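Chains as they are written, first to last, in this note's numbering: chain C, 1 to 223; chain V, 224 to 321; chain R, 322 to 920; chain Y, 921 to 1143.
Be careful, since some hints might not be right.
As the list claims (entries may be wrong) - Heads up, simulated DSS-like pairs for lysine-lysine below, C-alpha to C-alpha not over 27 angstroms straight-line:
| no. | chain 1 | residue 1 | chain 2 | residue 2 |
| --- | --- | --- | --- | --- |
| 1 | Y | Lys967 | R | Lys846 |
| 2 | R | Lys771 | R | Lys843 |
| 3 | V | Lys267 | C | Lys23 |
| 4 | V | Lys297 | C | Lys88 |
| 5 | Y | Lys975 | R | Lys771 |
| 6 | C | Lys88 | C | Lys102 |
| 7 | R | Lys771 | Y | Lys967 |
| 8 | Y | Lys967 | R | Lys853 |
| 9 | R | Lys771 | R | Lys359 |
| 10 | R | Lys359 | R | Lys853 |
What the hints assert, rightly or not - What follows is a set of in silico ranges between Cβ atoms, one per label pair, in the way DEER data are often shown:
| no. | chain 1 | residue 1 | chain 2 | residue 2 | range |
| --- | --- | --- | --- | --- | --- |
| 11 | R | Gln813 | Y | Ala960 | 34 to 40 angstroms |
| 12 | R | Thr575 | Y | Asp1041 | 45 to 51 angstroms |
| 13 | Y | Ile966 | V | Ile312 | 44 to 50 angstroms |
| 14 | C | Arg188 | R | Pro901 | 47 to 53 angstroms |
| 15 | Y | Pro1014 | V | Leu263 | 47 to 53 angstroms |
| 16 | Y | Asn1016 | R | Pro495 | 49 to 55 angstroms |
| 17 | Y | Ala960 | R | Leu831 | 31 to 37 angstroms |
These are calculated hints, taken from the structure and not from any lab test. Note that this is a predicted model, so its numbers are computed, not measured. The C-beta atom is built at its ideal place from N, Cα and C for all residues, glycine as well.
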Amino acid sequence: MTTDASTLRSMMIPDPAYEPGMKVYTMKLGMWVFLLSEVMFFTSLIGSYVILRFAHPDHFAAPGVVLNVPLTAFNTFFLICSSVTMVKAFAAIQQGDDTGLKLWLLATILIGSLFVGIQAVEYYILYHEGFVPAAADYHAAGRQGMEGGPIVGGPLYGATFYTMTGFHGAHVTIGVICLTFVLIRALRGAYTQNDHRGVELIGLYWHFVDLVWIILFTIVYLI
Amino acid sequence: MTTDVQHSGHAEGEIHEAPYMLIFGALIVLTLAEVGYAFLSLPKFWLALGLIVMAFWKATLVALYYMHLRFEPKRLWVLALSPLPLVVILIVAVLTEF
Amino acid sequence: MATTAVTAEQHAATAQHHHEPGFIRTYVFSTDHKMIAKQFLLASLFFLLVGGLLAAGIRWQLGFPGQPMPLIGGLFSDTTAPGGIILPEFYNALVTMHGTFMIFFAIMPLLVGVWGNYLIPLQIGAPDMAFPRLNMASFWISVPAGVIMLAGFFVQGGHAGAGWTAYAPLSSEPEYSGVYMGQILWLISLTILGFSSLAGAVNYITTVINMRAPGMTWFRLPLPVWALFVTSWLVLLAIPILTGGLIMLLFDQTIGTGFFSAATDGEPLLWQHVFWYFGHPEVYILILPAMGLVSEVIANRSRKPIFGYHAMVLAIIAIAFLGWVVWGHHMFQSGMNPLLGTTFMITTIIIAVPSAIKVFNWLGTLWRGDLHFDVPMLNALSFVSMFVIGGLSGIFMASAPVDIFIHDTYYIVAHIHYVLFGGSLFGIFAAITYWFPKMFGRIFSPVLGKVHFWLTFVSYNLVFFPMHTIGLRGHMRRIYDPNQYEFLQPLQPINTFITIAAFVLIATQLIFAFAFFWSMYKGEKAPRNPWKANTLEWTAAPTPPPHLNFPGGAPVVYRGPYEYSWPGSTDDFLPQDLPPDRVSRTPIPSEPSPMSTGD
Amino acid sequence: MENWSWLMDGSASTFGPTIDRLYLVILIITGVVFFATQGALIWLLIKYRHRAGHKAEYIHGNTRAEVIWTVIPFVIVLGIALASRGAWAQVKDPQNIPPNSLPVHVMASQFEWDVTYPGLDGQLETGDDFTVRNRMDVPADRPTHVILEAEDVIHSFFLPDFRVKQDAVPGMVMNVWFQPTRTGEFVIGCAELCGIGHTRMRGTLTVHSAADYQAWLNEQSQP
């Protein structure tokens, strides 16, 4: 019928102080939003592991009994190195250092590939020791622990281990492929001090994958 | 891919030279500490707690400095942390089952 | 500062489209959000038809158990329906695939894929989505998913038959279900479809946050945008949980990991937790957008501001948030810890409150309005009415002890269809008929629309209301032949009645299909703003909107979306982008009204 | 269709009336809400339908109304939840299984119910246990404690007349109890899709008087 004058004013006047948006450029926001969904994806895998382990502790072995902790600790070291080279590549292009960008990107790709390679070797060794993902094969003859001891753990151990670390490895592999694209673009001079969004985006993804590994290494290998 | 010059200039108006190498050192030290701690003969609870605390700090350092969350607007913090309650709800609720 | 941000984004989008695209780029591999919305619309209406035909098969078996299907009976193979008589394994596949197609391939894309794409950029004043090519990918990823899902009908062993919930171990171990390839295709298809949903959700969230027009504050967003935005968060955070679960189930099926298999100490209940932790947010993914769309239609066709805009927004957020902590109510009878059951019972029942707020606010919007009973309005009102029934029947199963009896009976079937058909699908019909002029430049035939509405409304209630009562008599879900149970034999006449009504209901949808295509080519040409609406898609964009939507650049927004019948204006609507100095106004009244409590 | 009713049949277990009463209370509450909202809707549609010269009123909302229709439903539904707790615990909490119950082991498998009785000594897992298929016989004067397991997939042990439903999950042991209030023949159904033969997975539950049950037990226990 009638209306409050102040309501009317607020209704009629655009708010000049209002800034729409996150104050973050759209591609970066999109990458963050995508990473949130990755958090939930790893939650379903890691959460299932935590729950299965809690329900069946006898299926899992103490650290170092089945899994090779020193080897993976080295691998963790490499992944952390690749994170620092990635961030150095980003810092380089922020200062307009084009050569630095290319070199640090190349270093990141090489160290990332090394991580995947070592993981493949780890899988090969574990698989041949009889540590397999398929439940029916888990108790197959010949399966031995690291010290040549008896069968340790149960089928859920192999299943969860390969699923979680395998999907992490797949993420690293995808990261290496994307980094290679970024490097090719960098070689063509696509990034400048003023516009280096591609480098920042792949960096976010790469550090996220590193972050997931920090959690995986702790709960799969060490606890 | 289009260039968006105004944008990057706006977002990276000043360059935050984060202490990248320092963080790197901290991550290495924490990793070594974790591996060492894991082989102490501690009760399972303390083992798990210590390791989770260290892993939490490592993850936080990566997010804050390498992912530059420290230099981002507060609203991005809210966005980035939003799934964490859901993670906790799922795991805690299902754990009470077993 | 941020205004420059917006224009910069728009420059970026403009730069991508400055040349005139060819046929393939316009109609097939289009990056235009409006074309992608139309692609989703046609694809998901096709799957709606598929789902409806599967339902016809289910209803035939229940209404006329063991009798050969008429007309088409001879077309089936000996492993599905020899001589037209449906076999139990085919019946299980029908039940499973009806649910799967309707939920994942019909209702979800009809709400999120179609209206998220069509409305978000137009209603917030953006030229396109934040990531147009990702948006195109989101549609084209869903196509192979649909093809793989359809292919399952033609593989040996038949299609997946473990229900749309795929409870392990029935779904994880082929020797128990007799289905191997079908279940694997089901899992692969849904995994792929997850990427499509995810691409959409990332796009919608980023677009709404960063690409709103100047002046488009959060509380000036039209309610469909709010609903789609909140839904996108649910999609973003729930779908990956399902993907993880599907992958574990796929590994169980293919390499025998045994996550959910009791034989290897895996936990069958873990699948249920993972599934429903996704599944309950999914339920709200399937209803929240419809609530937003219906709010728009009701406010417009009542020529009145939506009652309690802020409460409506808060209710959407509250439903979405509570939706994360109620999944256990699907598992009351599954052997869950009874204490956990009590917790879930309380959280579940509280979710009725925001739903009630929404219903009361819709009624409040009608109150003292000027109601125009056009086709969209009829469908929207039917949404409100049917949603009340679906919501109230939900309270019975939220009470865990009552759920003991009605769980897994036809009562649940009635409830889900009152929400998903009576709710979501009527909401979809309202939205299609309301935005039809915008999409295709022509009015959706009012006569055919009304015929379709009334026939659907009546036959729909005749199908689903009796299901409450057969559920209360103990009729279980998903049973192939209820007459195997002596106590269900007296229900056979009701089942037959439901089946006949269901065939009327399905046939009625052909009227909709006809009206849809007829109106697209022969309908009355639409004026620019046929509903006298306030929102930007009608006021700032031509019909149909061109590439980049707003030829004059981003509109500036001065007010909320529901300023209908403002007494200060001579018109009964105030477009969001109409500058204050151009409002043909009457003197501003100075008396504060007891009825107004802020926007 | 004699004895036709739109509602549930009368229950035959001790906690059945509690559940039915709860159902009825919710039915009355939701029934009132149903008629009130649908009535209001129809009234609004008739009263405020479009007429020439009629204009809608400019009303944005009413805080008092909003608060009222938030608080009242909240109180009502919370009341329903609290009222439901007791019955839920009575039926499902293993602590509330009466100690004098007759233990019966039920193994669900595709597609039958195998019911194992403790024999004359009243103890399960002793030499005089015997197993019958798809039928269950219980005394009327004593609660029955069903120890429920599943062999292959998930089934659901459904006694419609007793208001009992419990999924049988492979790998888990479920505890179900009920006490009949009248003798007669009742149905055992499977309420969870369990495969091709789901529809024929049914059995008969016979409630005997105490004397008849003893006679039946003696007869079955004959070697």
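Each hint, compared with the structure:
1. Y:Lys967 with R:Lys846: violated (32 angstroms)
2. R:Lys771 with R:Lys843: holds (17 angstroms)
3. V:Lys267 with C:Lys23: violated (45 angstroms)
4. V:Lys297 with C:Lys88: Holds: Lys297 (chain V) and Lys88 (chain C) sit about 25 angstroms apart, inside 27 angstroms.
5. Y:Lys975 with R:Lys771: Cα-Cα ~25 angstroms, so holds.
6. C:Lys88 with C:Lys102: Measuring from Cα to Cα gives roughly 10 angstroms; hence the hint holds.
7. R:Lys771 with Y:Lys967: Holds, at about 21 angstroms.
8. Y:Lys967 with R:Lys853: Within the cut-off at roughly 22 angstroms; holds.
9. R:Lys771 with R:Lys359: holds (23 angstroms)
10. R:Lys359 with R:Lys853: Within the cut-off at roughly 23 angstroms; holds.
11. R:Gln813 with Y:Ala960: 34 to 40 angstroms: Holds - the Cβ-Cβ distance for Gln813 (chain R) and Ala960 (chain Y), about 38 angstroms, lies within 34 to 40 angstroms.
12. R:Thr575 with Y:Asp1041: 45 to 51 angstroms: For Asp1041 (chain Y) against Thr575 (chain R), whose Cβ atoms are near 48 angstroms apart, the range 45 to 51 angstroms holds.
13. Y:Ile966 with V:Ile312: 44 to 50 angstroms: holds (46 angstroms)
14. C:Arg188 with R:Pro901: 47 to 53 angstroms: Given range 47 to 53 angstroms: holds, Cβ gap about 50 angstroms.
15. Y:Pro1014 with V:Leu263: 47 to 53 angstroms: violated (39 angstroms)
16. Y:Asn1016 with R:Pro495: 49 to 55 angstroms: At roughly 40 angstroms between Cβ atoms, Pro495 (chain R) and Asn1016 (chain Y) fall outside 49 to 55 angstroms, so the hint is violated.
17. Y:Ala960 with R:Leu831: 31 to 37 angstroms: holds (35 angstroms)
In the structure shown, a violation is registered for the earlier hints numbered 1, 3, 15, 16, in ascending order.
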